[in-house]
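Going down the list, the sequences are from chains A and B.
Using our numbering, the first residue of the first sequence is number 1, and each one after it goes up by one.
Using our numbering, the first residue of the second sequence is number 1001, and each one after it goes up by one.
All clues given are correct.
Derived pair list, reagent style DSBU-like, types lysine-lysine, alpha-carbon separation capped at 35 Å:
{"id": "1", "chain 1": "B", "residue 1": "K1358", "chain 2": "A", "residue 2": "K217"}
{"id": "2", "chain 1": "B", "residue 1": "K1134", "chain 2": "A", "residue 2": "K66"}
{"id": "3", "chain 1": "B", "residue 1": "K1388", "chain 2": "B", "residue 2": "K1134"}
Source of the hints: derived by calculation from the structure; they are not laboratory data.
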Amino acid sequence: MQTFDLAAQGLRALNSTLHGLKGQTNMTSWEVINPKGAHAIAVGLDAPVDVTVRGSTGYYCAGMNKQATIRVKGSAGPGVAENMMSGTVIIDGDASQYAGATGRGGLLVIKGNASSRCGISMKGIDIVVHGNIGHMSAFMAQSGNLVVLGDAGEALGDSLYEARLFVRGSVKSLGADCIEKEMRPEHLALLADLLKRGEADHLAKPEEFKRYGSARKLYTFNIDNASSY
Amino acid sequence: MSDFPHTPPKMSWTFSNDTNAEIRRAAATGIYDIRGGGSKRRLPHFDDLLFLGASISRYPLEGYREKCATDVWLGTRFAKNPIHLDIPITIAGMSFGALSGPAKEALGRGASAAGTSTTTGDGGMTEEERGHSKTLVYQYLPSRYGMNPDDLRRADAIEVVVGQGAKPGGGGMLLGQKISDRVAMMRNLPKGIDQRSACRHPDWTGPDDLEIKILELREITNWEKPIYIKVGGARPYYDTALAVKAGADVVVLDGMQGGTAATQDVFIENVGMPILACIPQAVKALQDLGMHRKVQLIVSGGIRSGADVAKAMALGADAVAIGTAALIALGDNDPALEAEYKKLGTTAGAYDDWHEGKDPAGITTQDPELYKRFDPILGGRRLKNYLKVMTLEAQTIARACGKNHLHNLEPEDLCALTIESAAMAGVPLAGTNWIPGRNGGF
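Based on the provided sequences and hints, a complete structural model is requested.
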């Protein structure tokens, strides 16, 4: 395992080194020590490497990740794994707001709680949150899956498109055009897979969740729906 | 009939025919008017400024003989690879989705042939545009449609869009008629539904967050790309100052004449400020921070001619951007298509229902039958010609003012025709030394 001391070597050197791994296969395991809440740690990676950050991170850790598996042994600041394309990001602690924002692929696992706007505008990413999520989560979510083992805050899935939301606990309120939907066998199978990949299959069963999605009533602008917006 | 003369019919200024027609339209439909383009109202503009030219106190340069340079560097503050353009007239961001693929190709062809840049838009980067644009600016928008790190890295600059002049504070809506299979795929949304473009970014709020967002973008792209921040003309002094604080290499400032693919008419006509009022405030912010010419300023919104380019630069801009004018150069609103405009209930020059996707010129449409009419090679040639003419016009004026580079134009070269424009532009009213709001009397 390669060790990178962020406090000593600096952010630019870290990201530059990790970007340099594209196309290489011989240095696949990295640990980052002394992150001290720094922003933009391990952003823009594009290689099948494992990166473990030993401590908490600031904004945008693992932003736009491709292929890499990034594990944070602490909590993550705002925008963790924003616009992720592929790969896996695992947060052992809590995540601040906008976790997985606009993500287009890959898997984001948050073992603690996620704050507001988790999965905002998600575009294909899968997000598994072991704890609770805050208000306005999955706002304008386009596609992908959001799994919440705990509770969801106000206005879940407001104005969402085709993303699938699975919540095990309570939902404080649903946002505009978000409704509870039937949990069919294919959803249970999907959920079982997500729980397994999200390291949560020992914590919950698919049958314990409810599914939420778009009523599709706001897909075409209609003045008669003005009070819904 | 009385022998006394009657009072002739008198129309109300307040309740004009246009106003009454809009009241009737609203009453009949129950929905506000949505259209493309920018403000159509009469606004204080560059037409209200004049150049003074050389005289005894300063001498001109010889046209056709003495050099007047036009090049511009953008992104010299932090980027490893700043952009060098031959001319200071760039192509503003316009999305694939709003525009057809061939139209985007034509913009790339024309801009590249003229030695300048083009810009993506809300909908991602197309191969047509990347392939035909020597210098391409990639917009980073609230919707993040199509956003990905590979396109970030193959862009020549990144433009973080906070707002645009047609609708500062507003998002966008691409109506379902224009959501083809390709547009839907690029935006990860179902075909045929109305697509909302968010009005604010999903993962940052405020200038402190923006600074960190820019750090992330720079880290992802190895600090190579200039980072632009685009704002609508609302609070240009503070927006420019905050953009500089957030780490921008370039500030793009768009006045209310700047166009949009589609938004509410009430928004276009009633929110924001004309570009003439915006430029001096932005320049002052840069000067107050000691960053004028270090952070470059690109201005847009109603730029039509080389005279407009020269006036914008005399007020302190480093470059300009054109959108609507570029579309007209490609063939938008061409009187040759008048019969088809009439069928759509409009006339050449007034057509602004770009959101409906029925553009007979094949530019603002995703209908294959319509966009096949548009020849991107011819369109690119027309745009190149237009850009060349604008450049020659600006050079002509600059030489007359004794300037060997467009960047040497200055407010001292200008006077204003109206009190309003004098106050907004910060140049004297013609025939006086009076700048309203600055130095008191005549």
